[in-house]
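Each chain is listed here by its residues.
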Amino acid sequence: MGAAHGHRLHHHGHSAVHRAPAHLKILALVGFVLLVVATPREWYVAFPAYLAVVVGVVLTARVPLLWIVRRMVVEVPFLVFAALVPFVAHGPRTEVLGLSVSEPGLVAAWGLAVKATLGVMASLTLAATTEPVDVLRGLRRLHVPSLMVEIMSFMLRYLDVVTADLGRMLTAMRSRGCDPRSPRHWPALARSLGALFIRSYERGERVHLAMLSRGYTGSLPTGADQ
Amino acid sequence: MSTPVLDVRGLAYGYPDGHQALFGVDLHVHRGERVALLGPNGAGKTTLVLHLNGILTAGAGSVAVSGLPVEKQHLQEVRRRVGIVFQDPDDQLFMGTVRQDVAFGPANLGVRGADLDRRVMAALEQVGMAEHVDRPPHHLSFGQRRRVAVATVLAMEPEVLVLDEPSSNLDPASRRELADILRSLDVTVLMVTHDLPYALELCPRSVVLSGGTVVADGSTYDVLTDDALMRAHRLELPFGFDPRSVRPGLGTGVAPDRAAPPRTDAAGGLVASPGTHTNPGDLT
Ligand SMILES: Nc1ncnc2c1ncn2[C@@H]1O[C@H](COP(=O)(O)OP(=O)(O)O)[C@@H](O)[C@H]1O
Ligand SMILES: [Mg+2]
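Protein chains in written order, with full-length UniProt numbering: chain A, 1 to 226; chain B, 1 to 284.
It cannot be assumed that every hint is accurate.
Not the full set, but computed from the structure, chain B residues with beta-carbon under 10 angstroms of chain A [what the hints assert, rightly or not]:
id: 1; residue: ALA12
id: 2; residue: TYR15
id: 3; residue: HIS19
id: 4; residue: GLY83
id: 5; residue: ASP90
id: 6; residue: ASN108
id: 7; residue: VAL133
id: 8; residue: PRO136
id: 9; residue: MET156
id: 10; residue: VAL187
If you want the footprint, here are the derived chain B segments under chain A, 3+ residues with CB under 8 angstroms [claimed, not checked]:
id: 11; stretch: 45–56
id: 12; stretch: 228–240
Since the hints were derived computationally from the structure, they do not count as laboratory data.
Note that this is a predicted model, so its numbers are computed, not measured.
Beta carbons are placed, not taken as given, at the ideal position from N, Cα and C, and that holds for glycine.
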């Protein structure tokens, strides 16, 4: 299981943002995201202001901006999708860099991209300044249904185990002369992802057996979760 | 004789896919015994273990724990009495910290507050992991995780501890540490293992399960030195290990004396280099 443990999104620190109660940070994040989503995309000046707020929080937390930016790659597939919209949308056309694109499509793409970027940045900031267990504790304080919190804490716990499984499978593929990155080997990659899914499913069953063996009856004991 | 802690009679079980795994197993384990359950892969050892606390329900025959039949209405009590340590500690440790994980079992039994804390610390002290109480289990080494897994079960104060291949994947030092811990515990132990020197070291008595039935039940020394039996059931001693050259008294029904650590004698009694005596459990 090595050194990379579940805290890849966490940036250790002691700033005011780090120390703020988790449930307040979660509320602030939810409020901010709702505000961003609700803002009409034609209010062009609002978005730089939002960005300034997020950047301000990141700087206050003394998390390097580049650190956040690098973790924003998760957003890439979404941005690709947004970039396609102007080409496929209807409505009056206009010329950008010699290409004919749909004008409403362009505005829609701007809206998608900017709102997603702000949302992802804000979420990463929460993750960077709050330990995962504190996020869960915060959610519990906010009376998020305990079943959901339990599911999330299991995800958190087993993410590492499954990632390590995947890593070992990829290593095994590579050592047999197969490059998982090359499209030629994607069928093999797909099969091993299938195997990973089944392995994880079976692990889920074994964990459940181990829980039943210790008297689990359907809800985590409250005494065990401080 | 007193009521056996584990009383398995005529137990048969077939998996839902039609595969018959157990064909009439009889097994009695009495209080204070340490028994090794040996057998080749696929013999049905894990299947048998899963019947002991009612995870699987007997197709035929019966299981009783200190006289209490393993049936639906007694499941909670049966699971308190029978503590199972599974093979992969990652399956067993699923909470955020060692403390929460060890507290999980007793909290399910309704233990709360100071009582719960006391149980958690006592269990962790028994396995020498008390100082790691607030660490996340997945940050521990494999050997430490296995010890915490044992503690999660000890915290339920079971009458019998059942371990599924406890020495597999452990390095020799962790394997010995676990042996010391198991020897120091004051509970009945049933230990599934492929690690025959470990069985000889820890368990005076061995039961061999093969093809879903018990084919031998006797002193570990007698079982391991019965060449015909061993060959017939795919049991092999690690290269260079000869039970006959190990100090007599080990695995012959006399509990090993804790003051004179038998482990050293076992190592010293090896014919070939002690390095051959590491981890047969790895082969599974
Ligand atoms: N979930 C299952 N479904 C069907 N057959 C199973 C299942 N688990 C185990 N078996 C079969 O039952 C037999 C006994 O398995 P098991 O008890 O795991 O053996 P052991 O632990 O002794 O290696 C094996 O032949 C195995 O293939
Ligand atoms: Mg098994």
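Evaluated hints:
Annotation: ALA12(B) was flagged as interfacial toward chain A, and the flag is violated, the nearest CB pair being 21 angstroms apart, outside 10 angstroms. The interface hint given for TYR15(B) is violated, since its Cβ lies 13 angstroms from the closest Cβ of chain A, which is over the 10 angstroms cut-off. Annotation: interface hint on HIS19(B) violated; nearest CB of chain A at approximately 16 angstroms, more than 10 angstroms. At its closest, the beta carbon of GLY83(B) sits 8 angstroms from a beta carbon of chain A; the interface hint therefore holds under the 10 angstroms criterion.
Interface hint status for ASP90(B): upheld, as the beta-carbon distance to the closest one in chain A is roughly 5 angstroms, under 10 angstroms. Below 10 angstroms, beta-carbon pairs count as interface contacts, and ASN108(B) has one with chain A at about 4 angstroms; its hint therefore holds. A cut of 10 angstroms between beta carbons decides the hint on VAL133(B): the least distance to chain A is about 13 angstroms, and the hint is violated. For PRO136(B), the interface hint holds, the least distance from its beta-carbon to any beta-carbon of chain A being 8 angstroms, beneath 10 angstroms.
Given hint, MET156(B) at the interface with chain A, holds; its Cβ is 7 angstroms from that chain's nearest Cβ, closer than 10 angstroms. Against a cut-off of 10 angstroms between C-beta atoms, the interface hint on VAL187(B) is violated, since the closest Cβ of chain A lies about 16 angstroms away. Look at the stretch 45–56 of chain B against chain A: 3 of its residues bring a Cβ nearer than 8 angstroms to a Cβ of that chain, three or more, so the hint holds. Requiring three or more residues with a Cβ within less than 8 angstroms of a Cβ of chain A, the coverage given for the stretch 228–240 of chain B is violated, as only 0 such residues are present.
This entry does not satisfy hints 1, 2, 3, 7, 10, 12, going by the numbered hints stated previously.
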